[in-house]
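Protein chains in written order, with the numbering used here: chain A, 1 to 384; chain B, 1 to 562.
Don't read these hints as lab results, they were simulated from the structure.
It should be emphasised that the depicted structure is a prediction, and the values quoted were computed from it without experimental measurement.
Even glycine gets a Cβ: it sits at the ideal position worked out from N, Cα and C.
A couple of the hints might just be wrong.
What the hints assert, rightly or not - Chain B stretches covered by chain A per the calculated footprint, using a threshold of three residues with CB under 8 Å from any CB of chain A: (1) 270-279; (2) 416-422; (3) 427-439.
Unchecked claim - Just a few of them, taken from the derived set where beta-carbon distance is under 10 Å, the chain A residues facing chain B: (4) Arg-15; (5) Leu-45; (6) Ser-185; (7) Asn-241; (8) Phe-359.
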Amino acid sequence: MQTNRVKAPLVHLSRRDTLPLWHKAVIRLAAFILGMAVCGLVALLLIEKLRLDPSRMGEFYQSFIKGSFSTLARRWKFFKNVAVLLCIALALTPAFRMRFWNTGAEGQTLMGVLAAVAVNFYLGGKYTNGRVAWPDWSLLVLMFAASLIAGAVWGVIPALFKARWNTNETLFTLMMNYVATFFVSYCLIKWVPSGSSSLGKLSSGKLPTVFTGLGKSQYSDYLLIIILVGLVTALVYVYLNYSKHGYEISVVGESERTARYVGINVNKVIVRTMLLSGMLCGLAGWIIGAGLDRSVTTESVGGQGFTAIMVCWLAKFDPIMMILTSGLIIFLNLGADQISTTFDVSGAFPNVIIGIVLFFIIGSEFFINYKINFRKKETPSVTK
Amino acid sequence: MQPVLELKHITKRFGKDVLANDDVSMEVYPGEVLAILGENGCGKTTLMNMVSGIYYPDAGHIYIKGEEALIRSPRDAYKYNIGMIHQHFKLVDVFSAAENIALGLDKTSGSLKQVTDKVSEISAKYGFNIDPNKKIYDMSVSEKQTVEIIKVLFRGAEILILDEPTAVLTLSEIKRLFEILRNMVADGKSVIIITHKLNEVMEVSDRVAVMRKGKHIATVNTSETTESELTDMMVGRKVDLNIARTEPVDPRPRIEIRNLSLKDEEGGWALKEVNLTACGGEILGIAGIAGSGQRQLLEAVAGLNRPETGEIIFTNPKKNKPVTLFHKKLPQIRRLAAENKLHYPDGKRVNLSGVSDKQLRALIAEEKLLFDDDEIMSLRDKTPLEIRELGVKLSFVPEDRLGMGLVGDMGISGNMMLRSYRKGKSMFLNFKKPKALGEEIIKELEVVTPSVRTPVRRLSGGNLQKVLVGREISSSPKVLMAAYPVRGLDINSSYTIYNLLAKQKSLGTAVIYVGEDLDVLMELCDRIVVMNSGRVSEPLDARSVKKEELGRLMTVSHREGE
Numbered sequence: 001m002q003t004n005r006v007k008a009p010l011v012h013l014s015r016r017d018t019l020p021l022w023h024k025a026v027i028r029l030a031a032f033i034l035g036m037a038v039c040g041l042v043a044l045l046l047i048e049k050l051r052l053d054p055s056r057m058g059e060f061y062q063s064f065i066k067g068s069f070s071t072l073a074r075r076w077k078f079f080k081n082v083a084v085l086l087c088i089a090l091a092l093t094p095a096f097r098m099r100f101w102n103t104g105a106e107g108q109t110l111m112g113v114l115a116a117v118a119v120n121f122y123l124g125g126k127y128t129n130g131r132v133a134w135p136d137w138s139l140l141v142l143m144f145a146a147s148l149i150a151g152a153v154w155g156v157i158p159a160l161f162k163a164r165w166n167t168n169e170t171l172f173t174l175m176m177n178y179v180a181t182f183f184v185s186y187c188l189i190k191w192v193p194s195g196s197s198s199l200g201k202l203s204s205g206k207l208p209t210v211f212t213g214l215g216k217s218q219y220s221d222y223l224l225i226i227i228l229v230g231l232v233t234a235l236v237y238v239y240l241n242y243s244k245h246g247y248e249i250s251v252v253g254e255s256e257r258t259a260r261y262v263g264i265n266v267n268k269v270i271v272r273t274m275l276l277s278g279m280l281c282g283l284a285g286w287i288i289g290a291g292l293d294r295s296v297t298t299e300s301v302g303g304q305g306f307t308a309i310m311v312c313w314l315a316k317f318d319p320i321m322m323i324l325t326s327g328l329i330i331f332l333n334l335g336a337d338q339i340s341t342t343f344d345v346s347g348a349f350p351n352v353i354i355g356i357v358l359f360f361i362i363g364s365e366f367f368i369n370y371k372i373n374f375r376k377k378e379t380p381s382v383t384k
Numbered sequence: 001m002q003p004v005l006e007l008k009h010i011t012k013r014f015g016k017d018v019l020a021n022d023d024v025s026m027e028v029y030p031g032e033v034l035a036i037l038g039e040n041g042c043g044k045t046t047l048m049n050m051v052s053g054i055y056y057p058d059a060g061h062i063y064i065k066g067e068e069a070l071i072r073s074p075r076d077a078y079k080y081n082i083g084m085i086h087q088h089f090k091l092v093d094v095f096s097a098a099e100n101i102a103l104g105l106d107k108t109s110g111s112l113k114q115v116t117d118k119v120s121e122i123s124a125k126y127g128f129n130i131d132p133n134k135k136i137y138d139m140s141v142s143e144k145q146t147v148e149i150i151k152v153l154f155r156g157a158e159i160l161i162l163d164e165p166t167a168v169l170t171l172s173e174i175k176r177l178f179e180i181l182r183n184m185v186a187d188g189k190s191v192i193i194i195t196h197k198l199n200e201v202m203e204v205s206d207r208v209a210v211m212r213k214g215k216h217i218a219t220v221n222t223s224e225t226t227e228s229e230l231t232d233m234m235v236g237r238k239v240d241l242n243i244a245r246t247e248p249v250d251p252r253p254r255i256e257i258r259n260l261s262l263k264d265e266e267g268g269w270a271l272k273e274v275n276l277t278a279c280g281g282e283i284l285g286i287a288g289i290a291g292s293g294q295r296q297l298l299e300a301v302a303g304l305n306r307p308e309t310g311e312i313i314f315t316n317p318k319k320n321k322p323v324t325l326f327h328k329k330l331p332q333i334r335r336l337a338a339e340n341k342l343h344y345p346d347g348k349r350v351n352l353s354g355v356s357d358k359q360l361r362a363l364i365a366e367e368k369l370l371f372d373d374d375e376i377m378s379l380r381d382k383t384p385l386e387i388r389e390l391g392v393k394l395s396f397v398p399e400d401r402l403g404m405g406l407v408g409d410m411g412i413s414g415n416m417m418l419r420s421y422r423k424g425k426s427m428f429l430n431f432k433k434p435k436a437l438g439e440e441i442i443k444e445l446e447v448v449t450p451s452v453r454t455p456v457r458r459l460s461g462g463n464l465q466k467v468l469v470g471r472e473i474s475s476s477p478k479v480l481m482a483a484y485p486v487r488g489l490d491i492n493s494s495y496t497i498y499n500l501l502a503k504q505k506s507l508g509t510a511v512i513y514v515g516e517d518l519d520v521l522m523e524l525c526d527r528i529v530v531m532n533s534g535r536v537s538e539p540l541d542a543r544s545v546k547k548e549e550l551g552r553l554m555t556v557s558h559r560e561g562e
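Work out the full structure: start from the sequences and follow the hints.
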């Protein structure tokens, strides 16, 4: 099969130098658009109403916008959801920068929720001498402390084991999630004697209405939470990029041998960082348990602890970029929910959409790191 | 005779700016060893990667036995009977040699038993010494290399490419490898060896192709050339190979190691009763076959491992020198004064009772408090941080540059901070000084990098080393330890490093240099000790010692169970 004239291969790959920022942005945007187009095709195949009437495709894409932005309530919901997801993702970031793969954000957050609700359950709504024993503000402070401690404890246990016995943190933190879930089940059985395993919304421990004139009073809570998470974003960003602790985290993440060589106490950094990571999960737990739900179920965090891992990775552990990535995921989520109602499809459909779009965005990394060279026009034949 | 391999006008670019190979043409004949010689980063490996299917050329053609060949993958390369042994081995640790060789073969190659038999056959034919059933994790580097070579021979390679095969081997292993290569060419195979070591080129090759900055300079017959002619072609200009060695000025013991013993991970002795003194103002060379305990010795001094027995004594030459806040805090200075160890410039004793902290600071700033004597302290069982807090300015250039000395993902300025980021009470980093230091090092040492922010992972070996050494000497150390600081560096970069070490010596630093090239050790150092199986020889005068004596000390075997 050998001939004297051999063609260059049609395509070959070469590694790129770093691309300018705008170029990367264009590639990612193209991936997003392509992903959405494929979503449309998949929807055309899966959704019966679309198959019968393809002219409703426009409505399909409109639903995405509608899901997040069509009404005031939805806009608030969008930003509130982004804030909660972002908060958990921020909690993961210090650990991830250290290459400590904390997959336990779900459990750490849930423990934060549980701690907040436990404080509220035992202390709230009690009267002494006809007066409220614990006014809401004091409850909120106590819940805040309890959530942070609970999250930190849940986070630091795997870190201590890692530091002492070099256990695998991924498995350990993952397993701690299940312990947390069953611990919540246990508490619910204890707290709700009727066996309905639903606690109901507690009436005490409400957030104060700080902002008025937003329409509904809960929008004030939302705004408070959004501001709080915005503050945390800035703090985490500064902590990681400008503080000595943040620098140590980066060095440990890159190479433990380098860290030891310059005299960094690696175990101390691991434990300290996981305390922080767990504490921030606890804060997210407080937001859910005290600010929003005032109740707890095993599904209070609802998988956001895992979605947050995605948010973190997509943003390459950059807190500012995480605002965008958590926004993207919530946008897709709410949009797909909307499609489920409009077109009457299964509730699993949102996951399909998110999966497809993320696949394209993650896949686009390949085109950021590598260049594809196509064969140039025929070179004159070489004969020997 | 028809060449077995012919490259014509090969050009390869990486990105916009890097022209790795520029219009390179060369031939390889059957039954010869062709050495490709060149400095680091001259494009030797890139060129061979195109022959072995790792890269694809941007322009140019490759001919095998006169036919144009299309090599898109290593599998294609095997089809043309080309096999490359890379610098970093690609073996599965938990598999045996035979299993690794069988890996990826199709069914027609037969059972593992048949593979094993054929491996034994190949071994016997060319003189390899290998147990096909030994697991990779039990093997020495040299054995692993042997497995890689057999792997390509097994696949029928007629053209073998070896990328820096001697970098990881001891002298006797190198000799053995060269014998095997000669057996292979006697069998009609062609061997291409990529190297930057001139003596090896002279010893093993039939012809030498010299490359410089991506271009093929010339191909000459080894028997008709000399080392100096090759050097000229390689570097493009006459280089002065003399290292300026000054006489040590007032050498006094700085680090004394007494009876130091240390166990390795397996429980054997990595260091056995080591006695060693390094003096300020001299370069102490440590010679020895790689893996004789050099790394452990330096790491013990740096506080990175825990010796079983022995002492490491550091003498800080402080007699009649002022107390500074760099290595002493105020309470420590008060204690020193209480112990009657300080005096004023006029000879009066220092009494600090009734002196406020503010007044004390002023006294220190004016350098009014002087030590009576040198400070003597033990470094054993101290962590690197504790050593630093004692005020010991100890710098260490480790062997593993990216895995230990530098942080690959950070820029030069980020790496400059590694040693100094703790300074000051603020919880935030100070970026200004490290950045200025980084820029200074780039300028002074001619580091080639797009900016101080570019991750150092992207720099070449020589530039990395300049950054690392530059940082380590920037703190004006009292002791500077360097392990294989020129390994993998080209001649020019090597001499930059030698000169930096010589400069530190002239500043009174105790320099400890672990090297492998005996000629360099003998030209650069003042005294040389030889390490052999965790033991250290008596110091020898580097100016008068014979190379044969060093070689003998390196290879003489110590009786087991002593």
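Quick rundown of the hints versus the structure:
1. Counting residues of the region 270-279 of chain B whose CB falls under 8 Å from any CB of chain A gives 0; the rule of at least 3 is not met.
2. Counting residues of the region 416-422 of chain B whose C-beta sits closer than 8 Å to any C-beta of chain A gives 5, which meets the bar of three, so the coverage hint holds.
3. Proximity of the region 427-439 of chain B to chain A, defined as three or more residues with a beta carbon under 8 Å from a beta carbon of that chain, is established by the 3 residues found.
4. Because the closest C-beta pair between A/Arg-15 and chain B is about 7 Å apart, less than 10 Å, the hint holds.
5. Hint on A/Leu-45 is violated. Least Cβ distance to chain B is approximately 36 Å, over the 10 Å limit.
6. Because the smallest distance between the Cβ of A/Ser-185 and any Cβ of chain B comes to about 41 Å, over 10 Å, the interface hint for this residue is violated.
7. Given the 10 Å rule on beta carbons, the hint for A/Asn-241 holds: about 9 Å separates it from the nearest Cβ of chain B.
8. At a threshold of 10 Å, the smallest CB-CB gap from A/Phe-359 to chain B is about 27 Å, leaving the interface hint violated.
In this structure, the hints that do not hold are numbers 1, 5, 6, 8, in rising order.
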